[in-house]
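Chemist: The lines below spell out each chain.
Protein chains: 2
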Amino acid sequence: MSRKKPDIQERRTVARSRLFEVEELDLEFSNGARTCFERLVSRGRGAVIIAPVQADRTILLIREYAAGTDRYELGLPKGRIEADEDILVAANREIMEEVGYAGQHLTHLGALTVAPGYMAHQTHLVLAEDLYAQQAEGDEPEAIEVVPWSLDRLGELIAREDCTEARSIAALYMVREYLDA
Amino acid sequence: MSRKKPDIQERRTVARSRLFEVEELDLEFSNGARTCFERLVSRGRGAVIIAPVQADRTILLIREYAAGTDRYELGLPKGRIEADEDILVAANREIMEEVGYAGQHLTHLGALTVAPGYMAHQTHLVLAEDLYAQQAEGDEPEAIEVVPWSLDRLGELIAREDCTEARSIAALYMVREYLDA
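Sequences listed follow chains A and B, in order.
In terms of the numbering used here, the first sequence has 19 at position 13, counting the first letter as 1, and numbering is strictly consecutive.
In terms of the numbering used here, the second sequence has 164 at position 158, counting the first letter as 1, and numbering is strictly consecutive.
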C-alpha cells in the first residue's frame, strides 16, 4: 500500500529555548481527517554515532554523564555534525575528542532516527577501523572514561542497567552483522 | 571507575508547549567544572514498544505517518503508558489498537532510552507471543497498515529507507537474540 502523505496546512512555532524549538502542525490526511501535531524542529545537520573497532573486535565505548537521565551512561561516542563538515570528518573528530583515537578506515553504515513521530533528527552510523592514537580537545566538562568491550560479549553489555540508549544498541548489532557478513 | 554524579544546583523551566517542557540545569561536576545543560522534561510514565511475533517468527510491523520526519515509517508498534496502567497491559492495548492482535504470553525484555543526554524518556520493550485476533479502537487519524516481516530477514528490513528508528531496530535484534537463545 502506498499512501499519499498528509498535507501540512499550517506550521507555527509554539515554544523556543536556546537549543529547542517546538512547532505545531495542522495536518489533513488523505482520508480527510484533520489533526494537530507538535514536533521538535531540528536545527543543524544531524549527528554521528561512531563504532571505533580494534582489530581484535574490541569496541571502544565511553561512559559519560547524561543530563536527561541524570546518571552515567555507557555507549558509543557521538556528537553533532558541524556546519560544512563531512559525515566521516565529523565522526573522526568526535572519536579523537572523546576516545583519543582516529580511524584510517571509515565506513558510513546508514542513518538512524531517534523519534520520527516528533523529531526529524538523524544520526549517521560510522564504523571506524585501523585505529591509531590521536587526541583532540573537546568541550566536555570532565574527562570521558573509555571502556573497551568485545563485540562477542554484546548480550552482556545490553543486559547492563547503564547501557540503554537505543541508538548505541542498534548500532552495535548493525556493526556486528556488518563485520560478520 | 565510579564517579560522583554532578550536583544539580538549580533547575528552571525555560520553554513550554502543550506536549513539551524544556528545563535548564546548572551543574557542578565533581572536578569543580560548572556548566548549564538544557533537557526535555518527561511527563507521564514512559512508553512501550511491542514485538508481536507469530509462531513462524513473523513479526507484525506497522507503517505509519511520522510527523517529525514527514514520511511513512515502518517499525514496531509503540505508544504511551497511561496513568496507572501496567507495562504489559499497555503493551497489549497498543497492539490491539494498532495491529488488531493481542498476546496471551507477554515478556518484558528491558527498557530503552532515546536520547539520555537530554531526555529521561524510557521505552519498555515487550515481546508478545501466542497472538489472537482482537481489535480495539485507537485514536489514529487514519487506518494503520500492518506489515508482516520474518525475523529471518532482518538485514533486508534495516537496509530499507523507511525503517530507521533506533528503538525499533534495537528491539528487533534484542528479540531475535532472545528467541534464538
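Honestly, the hints are just simulated from the structure, not real lab data.
The reader is advised that the hints may include incorrect statements.
Because identical chains share one entry, a pair is satisfied inside a single copy or across any pair of copies.
Unchecked claim - Within a straight-line C-alpha distance of at most 16 Å, the following computed EDC-like cross-link-like pairs (lysine to aspartate or glutamate) qualify:
no., residue 1, residue 2
1, Lys-10, Asp-76
2, Lys-10, Asp-145
3, Lys-10, Glu-29
4, Lys-11, Asp-76
5, Lys-11, Glu-34
6, Lys-10, Glu-27
7, Lys-10, Glu-70
8, Lys-10, Glu-88
9, Lys-11, Glu-143
10, Lys-11, Glu-151
11, Lys-10, Glu-103
12, Lys-11, Glu-88
13, Lys-10, Glu-34
14, Lys-11, Asp-92
15, Lys-11, Glu-148
In this text, all values refer to a predicted model and were calculated from it rather than measured experimentally.
Chemist: Quick one: Lys-11 to Glu-88, C-alpha cut-off 16 Å, is that within a copy, between copies, both, or neither?
Modeler: Result: close neither inside a copy nor across copies, 31 Å intra and 29 Å inter.
Chemist: Within a copy, between copies, both or neither: which one fits Lys-10 and Asp-145 at a CA-CA cutoff of 16 Å?
Modeler: This pair counts as neither: shortest intra-copy Cα distance 44 Å, inter-copy 20 Å.
Chemist: State whether the alpha carbon distance between Lys-11 and Glu-148 is at most 16 Å within one copy, between copies, both, or neither.
Modeler: Close across copies (11 Å), not inside one copy (45 Å); limit 16 Å.
Chemist: Go through the copies and call it for Lys-10 and Glu-27: within, between, both or neither, with a Cα cutoff of 16 Å.
Modeler: Classified as neither: same-chain Cα gap 27 Å, cross-chain 32 Å, threshold 16 Å.
Chemist: Can you give me the call for Lys-11 and Glu-143, within, between, both or neither, at a CA distance of at most 16 Å?
Modeler: neither (45 Å within a copy, 22 Å between copies)
Chemist: Under a CA distance limit of 16 Å, which applies to Lys-10 and Glu-88: within one copy, between copies, both, or neither?
Modeler: neither (34 Å within a copy, 31 Å between copies)
Chemist: What label fits Lys-10 with Glu-34 when the C-alpha limit is 16 Å: within, between, both, or neither?
Modeler: within (11 Å within a copy, 50 Å between copies)
Chemist: At most 16 Å between alpha carbons: which applies to Lys-10 and Glu-29, within, between, both or neither?
Modeler: This pair counts as neither: shortest intra-copy Cα distance 22 Å, inter-copy 37 Å.
Chemist: Are the CA atoms of Lys-10 and Glu-70 at most 16 Å apart within a copy, between copies, both, or neither?
Modeler: between (43 Å within a copy, 12 Å between copies)
Chemist: Is the C-alpha distance from Lys-11 to Glu-151 at most 16 Å within one copy, between copies, in both cases, or in neither?
Modeler: between (45 Å within a copy, 14 Å between copies)
Chemist: Is it within, between, both, or neither for Lys-10 and Asp-76, if the alpha carbons may be no more than 16 Å apart?
Modeler: Between copies only: 11 Å across, 42 Å inside.
Chemist: As a check of your reading, is Lys-10 near Glu-103 (CA-CA no more than 16 Å) within one copy, between copies, both or neither?
Modeler: So Lys-10 and Glu-103 fail the 16 Å test inside a copy (44 Å) and across (22 Å) alike.
The structure does not agree with the numbered hints 2, 3, 6, 8, 9, 11, 12 and 14 stated previously, though it agrees with the rest.
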